[in-house]
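A.B. asks: For the protein sequence lines, the chains are Y and V, in the order given.
Heads up, the first sequence is in my numbering, so the first residue is 38 and it goes up one at a time.
Heads up, the second sequence is in my numbering, so the first residue is 38 and it goes up one at a time.
It cannot be assumed that every hint is accurate.
When chains are identical, the list treats them as one kind, so a pair holds in a single copy or across two.
Unchecked claim - Calculated pairs, EDC-like style, for lysine to aspartate or glutamate (alpha carbon to alpha carbon, straight line, at most 20 Å):
(1) Lys132 with Glu380
(2) Lys539 with Glu164
(3) Lys63 with Asp260
(4) Lys258 with Glu164
(5) Lys539 with Asp560
(6) Lys140 with Asp260
(7) Lys217 with Asp136
(8) Lys518 with Asp219
(9) Lys321 with Glu199
(10) Lys217 with Asp264
No wet-lab data here; the hints were simulated from the structure.
The lines below spell out each chain.
2 protein chains.
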Amino acid sequence: MMTQSVLESLRGTFAGLSLDGFIVPKTDEYQGEYVAPCSERLAWLTGFTGSAGTAVVLSDRAWLFVDGRYTIQAAQETAGLPIEVRTTTDCPMHKMLADLLPKGVRLGFDPWLHTPDQVGHLRRTCEQAGAVLTAVTANPVDGLWRDRPPPPAAPVVLHPLEFSGRDWRDKAAGLAAGIKADAVMLSDPGTVAWLLNIRGGDVPYTPLPLGRALFYRDGPKIDLFMDAAKIGDEVRDAFPDGVSFLTPGDLPAALAALSGLSVQVDNGQVPQALVTVLEQNAVKVINGADPCVAPRAEKNAVELAGCRAAHARDAAAMVRFLAWLSERTESVDELTAADKVWEFRSQGDRFKDLSFPTIAGYGPNGAIVHYRSTPATNRRLEPGGLLLLDSGAQYLDGTTDITRTVAVGSGGAEERRRYTQVLKGHIAVSRTVFPVGTTGSQLDVLARMALWADGVDFDHGVGHGVGSYLSVHEGPQRISKSGNAVALKPGHVLSNEPGYYKEGCYGIRLENLLAVVECPAPDGAERPLLAFEVLTLVPFDLSLIVPELLTDEEIRWLNRYHTRILAEIGPLLDGHAASWLVQATRPIFRGDQRLSG
Amino acid sequence: MMTQSVLESLRGTFAGLSLDGFIVPKTDEYQGEYVAPCSERLAWLTGFTGSAGTAVVLSDRAWLFVDGRYTIQAAQETAGLPIEVRTTTDCPMHKMLADLLPKGVRLGFDPWLHTPDQVGHLRRTCEQAGAVLTAVTANPVDGLWRDRPPPPAAPVVLHPLEFSGRDWRDKAAGLAAGIKADAVMLSDPGTVAWLLNIRGGDVPYTPLPLGRALFYRDGPKIDLFMDAAKIGDEVRDAFPDGVSFLTPGDLPAALAALSGLSVQVDNGQVPQALVTVLEQNAVKVINGADPCVAPRAEKNAVELAGCRAAHARDAAAMVRFLAWLSERTESVDELTAADKVWEFRSQGDRFKDLSFPTIAGYGPNGAIVHYRSTPATNRRLEPGGLLLLDSGAQYLDGTTDITRTVAVGSGGAEERRRYTQVLKGHIAVSRTVFPVGTTGSQLDVLARMALWADGVDFDHGVGHGVGSYLSVHEGPQRISKSGNAVALKPGHVLSNEPGYYKEGCYGIRLENLLAVVECPAPDGAERPLLAFEVLTLVPFDLSLIVPELLTDEEIRWLNRYHTRILAEIGPLLDGHAASWLVQATRPIFRGDQRLSG
Numbered sequence: 038m039m040t041q042s043v044l045e046s047l048r049g050t051f052a053g054l055s056l057d058g059f060i061v062p063k064t065d066e067y068q069g070e071y072v073a074p075c076s077e078r079l080a081w082l083t084g085f086t087g088s089a090g091t092a093v094v095l096s097d098r099a100w101l102f103v104d105g106r107y108t109i110q111a112a113q114e115t116a117g118l119p120i121e122v123r124t125t126t127d128c129p130m131h132k133m134l135a136d137l138l139p140k141g142v143r144l145g146f147d148p149w150l151h152t153p154d155q156v157g158h159l160r161r162t163c164e165q166a167g168a169v170l171t172a173v174t175a176n177p178v179d180g181l182w183r184d185r186p187p188p189p190a191a192p193v194v195l196h197p198l199e200f201s202g203r204d205w206r207d208k209a210a211g212l213a214a215g216i217k218a219d220a221v222m223l224s225d226p227g228t229v230a231w232l233l234n235i236r237g238g239d240v241p242y243t244p245l246p247l248g249r250a251l252f253y254r255d256g257p258k259i260d261l262f263m264d265a266a267k268i269g270d271e272v273r274d275a276f277p278d279g280v281s282f283l284t285p286g287d288l289p290a291a292l293a294a295l296s297g298l299s300v301q302v303d304n305g306q307v308p309q310a311l312v313t314v315l316e317q318n319a320v321k322v323i324n325g326a327d328p329c330v331a332p333r334a335e336k337n338a339v340e341l342a343g344c345r346a347a348h349a350r351d352a353a354a355m356v357r358f359l360a361w362l363s364e365r366t367e368s369v370d371e372l373t374a375a376d377k378v379w380e381f382r383s384q385g386d387r388f389k390d391l392s393f394p395t396i397a398g399y400g401p402n403g404a405i406v407h408y409r410s411t412p413a414t415n416r417r418l419e420p421g422g423l424l425l426l427d428s429g430a431q432y433l434d435g436t437t438d439i440t441r442t443v444a445v446g447s448g449g450a451e452e453r454r455r456y457t458q459v460l461k462g463h464i465a466v467s468r469t470v471f472p473v474g475t476t477g478s479q480l481d482v483l484a485r486m487a488l489w490a491d492g493v494d495f496d497h498g499v500g501h502g503v504g505s506y507l508s509v510h511e512g513p514q515r516i517s518k519s520g521n522a523v524a525l526k527p528g529h530v531l532s533n534e535p536g537y538y539k540e541g542c543y544g545i546r547l548e549n550l551l552a553v554v555e556c557p558a559p560d561g562a563e564r565p566l567l568a569f570e571v572l573t574l575v576p577f578d579l580s581l582i583v584p585e586l587l588t589d590e591e592i593r594w595l596n597r598y599h600t601r602i603l604a605e606i607g608p609l610l611d612g613h614a615a616s617w618l619v620q621a622t623r624p625i626f627r628g629d630q631r632l633s634g
Numbered sequence: 038m039m040t041q042s043v044l045e046s047l048r049g050t051f052a053g054l055s056l057d058g059f060i061v062p063k064t065d066e067y068q069g070e071y072v073a074p075c076s077e078r079l080a081w082l083t084g085f086t087g088s089a090g091t092a093v094v095l096s097d098r099a100w101l102f103v104d105g106r107y108t109i110q111a112a113q114e115t116a117g118l119p120i121e122v123r124t125t126t127d128c129p130m131h132k133m134l135a136d137l138l139p140k141g142v143r144l145g146f147d148p149w150l151h152t153p154d155q156v157g158h159l160r161r162t163c164e165q166a167g168a169v170l171t172a173v174t175a176n177p178v179d180g181l182w183r184d185r186p187p188p189p190a191a192p193v194v195l196h197p198l199e200f201s202g203r204d205w206r207d208k209a210a211g212l213a214a215g216i217k218a219d220a221v222m223l224s225d226p227g228t229v230a231w232l233l234n235i236r237g238g239d240v241p242y243t244p245l246p247l248g249r250a251l252f253y254r255d256g257p258k259i260d261l262f263m264d265a266a267k268i269g270d271e272v273r274d275a276f277p278d279g280v281s282f283l284t285p286g287d288l289p290a291a292l293a294a295l296s297g298l299s300v301q302v303d304n305g306q307v308p309q310a311l312v313t314v315l316e317q318n319a320v321k322v323i324n325g326a327d328p329c330v331a332p333r334a335e336k337n338a339v340e341l342a343g344c345r346a347a348h349a350r351d352a353a354a355m356v357r358f359l360a361w362l363s364e365r366t367e368s369v370d371e372l373t374a375a376d377k378v379w380e381f382r383s384q385g386d387r388f389k390d391l392s393f394p395t396i397a398g399y400g401p402n403g404a405i406v407h408y409r410s411t412p413a414t415n416r417r418l419e420p421g422g423l424l425l426l427d428s429g430a431q432y433l434d435g436t437t438d439i440t441r442t443v444a445v446g447s448g449g450a451e452e453r454r455r456y457t458q459v460l461k462g463h464i465a466v467s468r469t470v471f472p473v474g475t476t477g478s479q480l481d482v483l484a485r486m487a488l489w490a491d492g493v494d495f496d497h498g499v500g501h502g503v504g505s506y507l508s509v510h511e512g513p514q515r516i517s518k519s520g521n522a523v524a525l526k527p528g529h530v531l532s533n534e535p536g537y538y539k540e541g542c543y544g545i546r547l548e549n550l551l552a553v554v555e556c557p558a559p560d561g562a563e564r565p566l567l568a569f570e571v572l573t574l575v576p577f578d579l580s581l582i583v584p585e586l587l588t589d590e591e592i593r594w595l596n597r598y599h600t601r602i603l604a605e606i607g608p609l610l611d612g613h614a615a616s617w618l619v620q621a622t623r624p625i626f627r628g629d630q631r632l633s634g
């Protein structure tokens, strides 16, 4: 329970810092999806625990800006505090702030927690408001936070060639050939981990060692800036040359040594603080995308093989869970369901962690796209409703992400119609072949056509990229209606997750991971084609499918998919799960199709 | 036949202008698709008559930059001249020029013929090359061109409410409510014509009166800058107040009078020369899209009714042509076919002109996307090949654009397969329903899926906007894979023109115009839906369709479309054309469908 005294203690620092206000974002100095406990400044200050948000505290007012999914939670968690919650869904924070900030206010920010792009927005906001934006040298929250957890210090481990498939020297040589700057600031722990084939455990759900690297084109060689305590001899010995192990404290001096040279930074990822150091040392700063992002996305053959193996184990766990669920008659709720699917997964080889917090939403909770069950919202799985289960795991050899929606008891006619329409969209994306050069944005519509015909749709993208024992959300490719110029390439892994959500009633989402693969050329083909290989091998709920709404091709695709699941996952199962899978993967037909169809 | 002396005479002006080179673009001072004869500076200088290109003439070298469709034509037309033709398909002119321009060169340009966006590109090019870009005060070509045609002076005519459907005062009031600047520079004759409900005849194929307008938010009132000789009493009397009739020579003074106020200009359309005048007079210049473009695209009920009527007459002409062609046994070639289709169109009520040069490409010529038949390229329509005919007309009540591909004699198996695949894409776009907010870019893929399955594609967009007795190419909406953030709106008119081109063999394109219309909501619909109404009513060539490649829904769509054509166009025909249409619109079935299907 937060009290106003925390806000007041922050305000008490303003005079000494010559400030009238201060910005506290959720993000840490790595701009990652998940932050370590020591970086939960926003939760410490406001009590708000959502995954995204920013507080702006003035002497007499305070706002908490969150997107639409967190409006209610933010209000609940800040209840009793003099904080106004504002929803940014229709208007971004920086635009709202331009109207809210009083003229002449000096607004402080921590340049380690904001990127140059974000600072640019804030600067224009302050200009419009007649306010002054000022970087602080030390975050006042850190000085006030008495029981602040220590920085994470999980040991760094090697991610061996058996899983990574490509030596770091080979990756480094590829990078060096493609960059024009003398050095590149790699400020994303995920690309550092990819480049050096290392992993860690500093944040939940993603096996990241927090740290940065400077990549020098000549050599190429790498300075790694990471807490020495995290790095054991095995790791040091694995890099006999080419990599210098330094600490975060060494970074300013290393940047200063680049005076007169050019350094590439990603203005959407790097902290403003580092760019300021570069500029102060007369380093030529070149803005450019992190050069690891594109090659990291193109999984090599070893990574794809690991991905397939991880998906087989993950599918076995999911099938065990679904078989278990089908036998329960009572006493299952969202939280026990989430626990149970974790339990089955954790029995699998090479399992390390979940890849994100499990979404187990029953009935109306399934309609909340980013739902996370709590004791207060937890629902019993009564017959007659749908359970939406979106979950995934981190295995040493691959990262998974799957959503299945199942009928508890049996679904109604409307739910079956919508489920079948979502499935039609899912199948359309899975089946498509497309020429080299096609972007994910071009394919987005395929997932929506069947829903559009009924005047319904869903308000999220169709697919995101997925890492290889790294973040479950990874760029640069994606399938979404907003334009994305990144062409799909062999080795890209993407989710395919159309959905439908009826507020207050139920939610449906059907998600598989797909790998982009080369497609054999048909006779007369003039352009090289790509296609998707389905990685996820878990049956769809036949009780929710209306065969009469499916075309011959869709039924054929579904029956082939289920046949493949039985062949590949069946041998991993025994007992009830094995017999459940046989039933769950039986072929289906339309009334007008012959059984031989 | 051009001679080198023209180039040399231009070079002879350089010393007096303190220049080392000069840029001569195809565009005129209105950046329109077609230019008047007096603006054909590029053809005068180089002999090149294509619709797009730019010459850069230095003292000792000269280049002509054209896109891929004009590489061969440009080489032919400049043969014998010391001009190097460069193709810009893979690298834009300004990038090539950065490598070609010698250091220190002073390169002149006419600021009336380039927009601020274009000048920005040229300026960066010159900076990279170490060259200097300089605006001239008078175009040296104009001083040299002895037999230069006079400026066009076609009379301005009123475009009555019977066709325009909306009073200019109502349009002006709508504009005034949406702009923030004190005035808007309307520099596109097409938007001036739309706003004031006037038309003219200064350029081919588009009924434009060349001229500009200043739109003042207060009032609102309009200054029209147009040659007085073009404007008769009927036009003047139609605007008793709110519009001042001025001449182009009055424009600088009108702009100077705006000193201290703000003026919105479209940096992609307005000449740099006008922006310079504004800046010299301390006018605050605001870059923003021409505010007429969005409302002009949303055709009102009267415009749509006119569009439908024009399409019925156009369809009757096209059917007469196709029926005539089906009877010919010899002596038809591309040029006579194009003449004949013009002849049938010109017999229709309210016919004014073609809307673009007819493309009649037989056999290999059909594979040239922007083909225009000449005596040198003209081909006889021998049995066994395909004729691609892309043509359209300007009627007082609407603008048409249609492509049909027909077998001369009968088509081969490959041609029939490709024709059917193109038709499948065409039908997919026509049939789709989509929620309000959907962009044309989202729909592009629908036209390509059937071709992709065979590893083929086409390299142009699927659809462009079309004006109402205005330009046949009109923004802002379009259907293309390059991202376009413009949502489709009721009243938008678009082409739907997938194709397939086999170089050296044949080309296929199937084009109808579509209007975006509201779609009745299905039961349970949650979002308002839009759909396409097909405007073009001309049958597809049944001899080129393989029914076995079509789904039940596609066959049903095709049969319904042909039934509608017979019902709506049949009554406009008699004799052979009427009986031909009955045959051409007969229902088709797959072998496995019952005749009652």
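A.B. asks: Compare the structure with each hint and give your call.
C.D. replies: Evaluation of the provided hints:
Neither within a single protomer nor between protomers do Lys132 and Glu380 lie at most 20 Å apart by alpha-carbon distance, with minima of 45 Å and 59 Å respectively. In the homo-oligomer, the alpha carbons of Lys539 and Glu164 never lie at most 20 Å apart, since the shortest distance is 42 Å inside one protomer and 57 Å across protomers. For the identical chains of this complex, Lys63 and Asp260 are neighbours neither inside a copy (28 Å) nor across copies (54 Å), given an alpha-carbon limit of 20 Å. In the homo-oligomer, the alpha carbons of Lys258 and Glu164 never lie at most 20 Å apart, since the shortest distance is 42 Å inside one protomer and 34 Å across protomers.
Taking identical chains as interchangeable, the C-alpha atoms of Lys539 and Asp560 lie at most 20 Å apart only when they sit on different chains, with a minimum of 15 Å there against 45 Å within one chain. When the C-alpha separation of Lys140 and Asp260 is checked against a cutoff of 20 Å, the pair qualifies neither within a copy, at 44 Å, nor between copies, at 40 Å. In this assembly of identical chains, Lys217 and Asp136 lie within 20 Å of each other by CA distance solely across copies; the values are 19 Å between and 42 Å within a copy. Taking the closest pair of Cα atoms, Lys518 and Asp219 never come within 20 Å of each other, the shortest separation being 37 Å inside a single copy and 36 Å across copies.
For the identical chains of this complex, Lys321 and Glu199 are neighbours neither inside a copy (39 Å) nor across copies (64 Å), given an alpha-carbon limit of 20 Å. Taking the shortest Cα distances, Lys217 and Asp264 never come within 20 Å of each other, neither inside one copy (30 Å) nor across copies (55 Å).
When held up to the earlier numbered hints, the structure conflicts with 1, 2, 3, 4, 6, 8, 9 and 10 and fits the remainder.
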